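**Student:** Chain by chain, the residues:
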Amino acid sequence: MEVLILFVPLAILVSSMFLGAFLWASRSGQFEDLETPAHRVLFDELER
Amino acid sequence: MQTQILQCKHCHDDLLPDQTDFCCAGCQTVFNVLSKHNLDRYYKLREDLVGAPESVFPKPQISASDLPDAEVYLKEPTDFYLQGMHCAACVWLIEQLPFVMPEVETARVDLSTQKLYLTFSQPVALAKIISLLAHWGYRATPLQQAQQHEDLARKERRLMLLRIGVAAFSSGNLMILSLSFYAGLTGAMAFYFEILSLLLFLPVFCFSAWPFYQQGLFRLLKTGYVSADLPIALSLVLGTVGSVYEMFWGNHQLYFDSLSMLVFLLLCSRYLLLRTQQRILGQAHPHFKLPVTHVIRKNLEGFTKVPVEHIVVGDTLRFFKDQTFVADGVITEGHSRVDQSLLTGEPYPIKVAAGDTVFRGTVNQQNVVEMQVTAINENTRLGKILATARHFSSQKSRWIRAAEKGARLLSAGVLLASGFLLALFWQQPQLAFSRFLALSIVACPCGLALATPLILHLSLRGALKSGLFIKHPNIIETIPRLKKIVLDKTGTLTQGVFDVLWSSESFFSSEVAAAVLALESQSRHPVASAIVRYIQQHHPQTVVEMNDLQILASGGISGEVLNAKNEWQNWQIRPAAYNPNASQERPRLHLEIFCEGTKRAEIHLGDALISGVKETLNNLKQRGYELFLLSGDTRSACVSVAQSVGIPLSHVRWQQSPEDKAAFLQHEKAMMVGDGLNDLTALSCAEVGISVRGGLEENVKQCDVYLAEKGILQLPLLVDMASRTRRLLVFTLSFALLYNLLAISLAICGLITPLAAAILMPLSAFFVIALSVGGQTWKF
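Here the protein sequences line up with chains W and S, keeping their order.
If you're matching positions, the first sequence starts at 0 in numbering that gives the first Met the number 0 and goes up one per residue.
If you're matching positions, the second sequence starts at 0 in numbering that gives the first Met the number 0 and goes up one per residue.
Looking at chain W on its own, in the form it has when it is part of the complex (with noise of 0.2 Å):
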């Protein structure tokens, strides 16, 4: 049962770095445009 001092704030930390992936993924402008980017994927690897 005392194992649950460990588990539970590390469920916190785990879920703060999900919340922080988020967070960057919003900042960085990833869900502004929803359909350009499936168009993307099908361009190939340029060797630049």
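Calculated from the structure, these hints are not laboratory results.
A hint or two may mislead.
With the Cβ distance kept under 8 Å, some of the chain S side facing chain W (calculated, not the full set) [to be verified]: (1) Val90; (2) Trp91; (3) Gly164; (4) Val165; (5) Phe168; (6) Asn172; (7) Leu178; (8) Ala182.
All of these numbers come straight from a predicted model, not from anything done at the bench.
Glycine included, C-beta positions come from ideal geometry on N, C-alpha and C.
Following the hints, put chain S in place on chain W, whose structure we already have.
**Tutor:** Frame of chain W; chain S shown alone:
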């Protein structure tokens, strides 16, 4: 011998015999520019993504006068409105901008809104960017005026996402913790978890739920207005207070998990709504967009190029041929012809000279002129028209007002009922509180309030994309109820211009056509233009020399043309003598062509039916519409048209004055389809007035619907759309009402827990919104 039609390497248009590889200098330039930068991968991509040679791509159109002054530099991230993109290959090409221009750090294209978002590593001249894109064939307009608006909209979206993220974080963790409570956890560990739950809930309570407090509670306090968000706001506050009480003094019945789940799910629906609304308001109407960014202004030293936004009343501006006037003004120097069709619908340009007024949106067709600005932006004639249009379309329709009222009544009713429940079970406070929460959460008046305006405005938006300009949401409601259609003839069913309907066999033999062309090319008369068009379409030839053009007293023209033996011969083109034995379907104009007195050929002109009209009207008849034809023209003209399209004689009225037409429409409940220029009185008397021609100005003021692109051929689309919208609205509202009835009854009987309510209600709200948005595209 095998003749292969070669295609332009860039735009795939067919090449003329003397061209190799490219059809124009523009295409050649783009091709060379792309090759130079190693970007010709573009062509392979385009083929993969869009399809090979059959498709013809738009040609680049660059005009030197569109380039802005070299003084404007860009440093901050900027949005551009991009025209000329037609496929994903263009997206790829434009996003290669950072490789071609090092000052550009990132380039991101949004296909759906046709925007380009650029960020910069160093300041770069705006002119450089625009000219590079122009060389590639894309026209970029910086959204300077709308930039602030764009930024605010973006901030709003990001903030909403942040709220959702926090709510998701809290709900997830809270649900894990509360699982232990449901499993029967008690004791010290339980108290520890309860504190933790409260802490995890606080971000949701203070931050994520803020919009609900704003729209629910604050609104009530400021204006006494009961909104659909009030029950949610109250549930949140009272639920939190109650849960905290339970923690320390009560039976440990907590609701944090339900409440945070409620907030999370509702915010998701609201986000979908926000994006849709921003798209509706944000997208510029392409039909009215003036593609000009800079103009030439006169000052003390000479002329400079300035951005359009800097123009003030009193400035003197100079406009070249084919430029659009950006403001209302008075001509101070020069004379020219101006195409006013955007405003008045008149296709024939009018002459202007010093002292005449010109309007924003009209096009200078001939010579350079200078004008002094008298009005800009909202104060111009065009601006006032657009303001009128916007005013009408933003007014709330009967339906929207009814829906909002219904939603408010429901909210108030639910609150009263919950209060009543609370009082009823006051002896069992825990039970009472639980039922109170469940009821105030589960009711979903927001579905009613949100669905109606959303569906109607999305519908208007969709119509706009198809070229149907519907002035007011009310009209969508009226159209399905009408089963009679009154049609005007000239300009509505017919082209409205003279066209050659038929020519005798001898017309194109020997020198007849050449002589006729020589004579008619000299005139600007509609009949002459029609004949010239006809000849050039069927047997293109060069215009030969002619002599001594005269206009005959009885109508028609005469002149002298050289024949093969180099002799001058006299040719005449005259209206035929009236033949009483002619059939009823006499064309409008029957011309005979004489050479030195001998009749050589005949030609008939008239107002041809718009192609596709017959099919369109059959379509409408099949759907059960009763068609009428009203026209000011003669009996024979009306009857012949009616017979060609299949309208029974009993439904035809000829030689109608505007007053006659108006009287007919006041008597019958019908839709009227007419020429926006001539039928304005009649159109405003009809239940729904549909205009198919004419300029913006009168159409927007007087008509309910304006079929901008293909005229009457779009009528089936219009009625289709209106019935579809109506069906969608009825379906969605029925669902919302049914859900509320069911859920409220169950909650009153105590069969729904607050947690279940917290999940059911947002689901129904989401479903209603998804239905409203998605229903536009599904086959309804």
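**Student:** Decide, hint by hint, whether the structure agrees.
**Tutor:** Hints, verified against the model:
{"no.": "1", "hint": "Val90", "result": "holds (6 Å)"}
{"no.": "2", "hint": "Trp91", "result": "holds (5 Å)"}
{"no.": "3", "hint": "Gly164", "result": "holds (5 Å)"}
{"no.": "4", "hint": "Val165", "result": "holds (7 Å)"}
{"no.": "5", "hint": "Phe168", "result": "holds (4 Å)"}
{"no.": "6", "hint": "Asn172", "result": "holds (6 Å)"}
{"no.": "7", "hint": "Leu178", "result": "violated (12 Å)"}
{"no.": "8", "hint": "Ala182", "result": "violated (13 Å)"}
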